[in-house]
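Kindly produce the complete structure, drawing on both the sequences and the hints.
Sequences listed follow chains H and W, in order.
Per the numbering used here, residue 1 is the first one in the first sequence, and the count goes up by one each step.
Per the numbering used here, residue 1001 is the first one in the second sequence, and the count goes up by one each step.
You can take every hint at face value.
Not everything, but these chain H residues come out facing chain W in the computed CB check (under 7 Å): (1) Lys2; (2) Pro4; (3) Arg5; (4) Thr7; (5) Leu8; (6) Leu9; (7) His12; (8) Ala15; (9) Lys18; (10) Leu19; (11) Ile22; (12) Ile26; (13) Val27; (14) Leu30; (15) Ser31; (16) His34.
Rather than coming from a laboratory, the hints here were simulated on the basis of the structure.
Yeah, the Cβ is synthetic: ideal placement off N, Cα and C, and Gly gets one too.
Each chain, letter by letter, is given below.
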Amino acid sequence: MKTPRETLLQRHQAAEPKLDQIREIIVADLSRRHDARQLSLPVAAALKLWRELILPCRRTWAGLAALWFVIAVFNLTHSQRSQPVAANSATQVTEMRDVFEEQRRALAELVGVSPVTQPAARPRRDELQPRSEFQPDLLAA
Amino acid sequence: MLGVAEREQLPVQQARAGDPAAWDTLFRRYQLPLYTYVFELVHNEQTSLDIVQETFIAATRHIGGLRDDAKFGSWLFGIAHQRCVQRWRKSSREMELRNELEDAPAEYESSPDELLIRREQEAEFMNLLNMLPLPQRSVLLLHYIEEFSLDEIAAITGAGVGTVKSRLHYARKALGKLLKPEST
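The following block contains the structure:
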């Protein structure tokens, strides 16, 4: 003789392995969450970031990383190539300056002016006179 | 009369704190009764397993809403019952069976252990149970599986205590054949 409870439960005893499986999955998930809560906050935050931001779209992140790598390599090789060009341009500037200086000296010799530019001498204070005493005939002479 | 679960010491307090071992104990205790209850209502293995899984997940998420730890069992069955109702609403196959009983509630306070079933009567018992309309079957299953009180069954099914009494009376009447003294 059995009670209705015993009759009913015995009838569904075969489902026990499947129910065990369900229980184990849920408890495992609970344990993971429980362990995560036990971790320190930065580690938990990093884990959460990894799980929610990186892991779901890992292909996108890998693609982006590859792209950045290609850009970095391209940038590196390009900068190495441009260094000699910069050195060459520095030499050219020096040469041009020398040529320009030479031309200036030659021009000064032709005009008869000292090649060394000196600042104009300031008029002495006693030579200064009011504008009213200015005599244009002196200039003409 | 104390229900089946009330006679046990269950680690509900530890489960509230998120202890996985406590949850394991609780799930282990209720998985088969809960599955039995759900299966006898929906009659589909996969749907029943899905509902049990959903109920367990919902329980871990909403344990904060449980006011009395001693009522954990009825609270869990309540979640499962709601899930069953949601499924019925979706499929609406058995809606016509959900007939309401308008008769006056009968006085029924007998113990579930009063009914003892012989091996040769088991099939007949299951047939009679499955022939009952859903509301009566639900009440009877809760009464038999976990020995819930009328108040608890009312809380689980969302019906009034009077309605639960009435349903239990008619369900018991339907199983009258097995309750005859000569058959026990």
